[in-house]
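**Q** For the record, the sequence lines run as chains A and B.
Using our numbering, the first residue of the first sequence is number 505, and each one after it goes up by one.
Using our numbering, the first residue of the second sequence is number 505, and each one after it goes up by one.
These are computed hints drawn from the structure, not numbers from a lab.
Computed from a predicted structure; not experimentally measured.
Some clues are possibly wrong.
[Unchecked claim] Subject to a maximum C-alpha distance of 27 Å in a straight line, what follows is the list of computed BS3-like cross-link-like pairs (lysine-lysine): (1) B:562 / A:585; (2) B:624 / A:600; (3) B:609 / B:624; (4) B:600 / B:585; (5) A:609 / B:609; (6) B:562 / A:562; (7) B:600 / B:562; (8) A:562 / A:600; (9) A:562 / A:609; (10) A:562 / B:585; (11) B:585 / B:624; (12) B:609 / A:624; (13) B:562 / B:585; (14) A:585 / A:624; (15) A:585 / A:562; (16) A:585 / A:609; (17) B:600 / A:624; (18) A:624 / A:609; (19) B:600 / B:624.
Protein chains: 2
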Amino acid sequence: MAKMIHSMIRVLDEARSVSFYRTVFGLEVADRIDFDTFTLIYLSNAETGFELELTVNKGHTAPYDLGNGYGHLAVSVDELKTEHERLTTAGLNPGKIVELNRDGKLLALFFFITDPDGYKIEVLQRHGRYL
Amino acid sequence: MAKMIHSMIRVLDEARSVSFYRTVFGLEVADRIDFDTFTLIYLSNAETGFELELTVNKGHTAPYDLGNGYGHLAVSVDELKTEHERLTTAGLNPGKIVELNRDGKLLALFFFITDPDGYKIEVLQRHGRYL
Chain A
505 MAKMIHSMIR VLDEARSVSF YRTVFGLEVA DRIDFDTFTL IYLSNAETGF
555 ELELTVNKGH TAPYDLGNGY GHLAVSVDEL KTEHERLTTA GLNPGKIVEL
605 NRDGKLLALF FFITDPDGYK IEVLQRHGRY L
Chain B
505 MAKMIHSMIR VLDEARSVSF YRTVFGLEVA DRIDFDTFTL IYLSNAETGF
555 ELELTVNKGH TAPYDLGNGY GHLAVSVDEL KTEHERLTTA GLNPGKIVEL
605 NRDGKLLALF FFITDPDGYK IEVLQRHGRY L
């Protein structure tokens, strides 16, 4: 059966993105494969085998058009409010914390943060469906 | 530490997308949450806890602009050639199988397939980094 193993996004600046994903989500470079015209960087941490693949196209300097189709990558964390404070203090401008209820029960507690290329990442309190 | 738990894409037609992801990747609806203006559908299978989240915005009929930033979701499979044949027979038009070598060794054996909204999915032979 097919196993989801990574998601790929194109980014402009390898160092800037690697630093962001390390600081914000504890993701480290698991692999880096350099080709003549592009570089692939695989980011992962111990929480899951799923990886984020960054593609850097050499010589591409124009910001990528993010369109309106792709939404976001989501991560779960144990302590959402602590994470929000940490990221605020680090100057990374997380969005406000949103509480989403359904039938009187908490469905999701989350905020969004934007990576250096403009991609949104949803940070969810580990709860319910979002483990 | 942050755990990657899902990737979200916006799609136009719930039934069409659910059928595609079931047929092609064995993903089933793990949850469906209906709101006034949109519906969230979580797709998963037993291979990983990572989920694909579909968002259907009610009343939205124009094709989404996929831009050029987001690349693809990747899945691994045990038998790439068998999968390619199966999807070809099913009329789903997978791209040709590509073999990528590096320093004389197989790095990746893969093809791409396109979902009903135009999102690319990379299907990789389970090998090396792509397990």
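**Q** Next step is simple, just say for each hint if it's right about the structure.
**A** Checked hints:
Between residue 562 of chain B and residue 585 of chain A the alpha-carbon distance is near 32 Å, which puts this suggested pair outside the 27 Å criterion. A threshold of 27 Å between alpha carbons decides the hint, and for residue 624 of chain B with residue 600 of chain A the separation of about 32 Å lies outside it, so the pair is violated. With a C-alpha separation of about 26 Å, the suggested pair residue 609 of chain B and residue 624 of chain B falls inside the 27 Å cut-off, and the hint holds. Distance restraint check for residue 600 of chain B and residue 585 of chain B: the Cα-Cα separation of roughly 10 Å lies within the 27 Å cut-off, and the hinted pair is therefore satisfied.
Of the supplied pair hints, the one linking residue 609 of chain A and residue 609 of chain B is violated, its CA atoms being roughly 53 Å apart against a limit of 27 Å. For the given pair, residue 562 of chain B sits about 39 Å from residue 562 of chain A by alpha-carbon distance, which is inconsistent with the 27 Å threshold. Annotation: proposed proximity of residue 600 of chain B to residue 562 of chain B is violated, straight-line Cα distance about 35 Å (limit 27 Å). Of the supplied pair hints, the one linking residue 562 of chain A and residue 600 of chain A is violated, its CA atoms being roughly 35 Å apart against a limit of 27 Å.
Distance check on the hinted pair: residue 562 of chain A and residue 609 of chain A sit about 48 Å apart at the alpha-carbon level, beyond 27 Å; violated. The hinted pair formed by residue 562 of chain A and residue 585 of chain B fails the criterion: a straight-line CA distance of about 32 Å is larger than 27 Å. A distance of roughly 18 Å separates the Cα atoms of residue 585 of chain B and residue 624 of chain B; the hinted pair therefore holds under the 27 Å criterion. Pair hint residue 609 of chain B plus residue 624 of chain A does not hold up; C-alpha atoms about 36 Å apart against a cutoff of 27 Å.
As the CA atoms of residue 562 of chain B and residue 585 of chain B are separated by approximately 38 Å, the hinted pair breaks the 27 Å bound. Distance check on the hinted pair: residue 585 of chain A and residue 624 of chain A sit about 18 Å apart at the alpha-carbon level, within 27 Å; holds. For the given pair, residue 585 of chain A sits about 38 Å from residue 562 of chain A by alpha-carbon distance, which is inconsistent with the 27 Å threshold. For the hint pairing residue 585 of chain A with residue 609 of chain A, the CA-to-CA distance comes to about 19 Å; that is within 27 Å, so the pair holds.
With a C-alpha separation of about 32 Å, the suggested pair residue 600 of chain B and residue 624 of chain A falls outside the 27 Å cut-off, and the hint is violated. In summary, the hint linking residue 624 of chain A to residue 609 of chain A is supported, as the alpha carbons are separated by about 26 Å, within the 27 Å threshold. Taking the CA atoms of residue 600 of chain B and residue 624 of chain B, the gap is about 13 Å. The hint holds against a cut of 27 Å.
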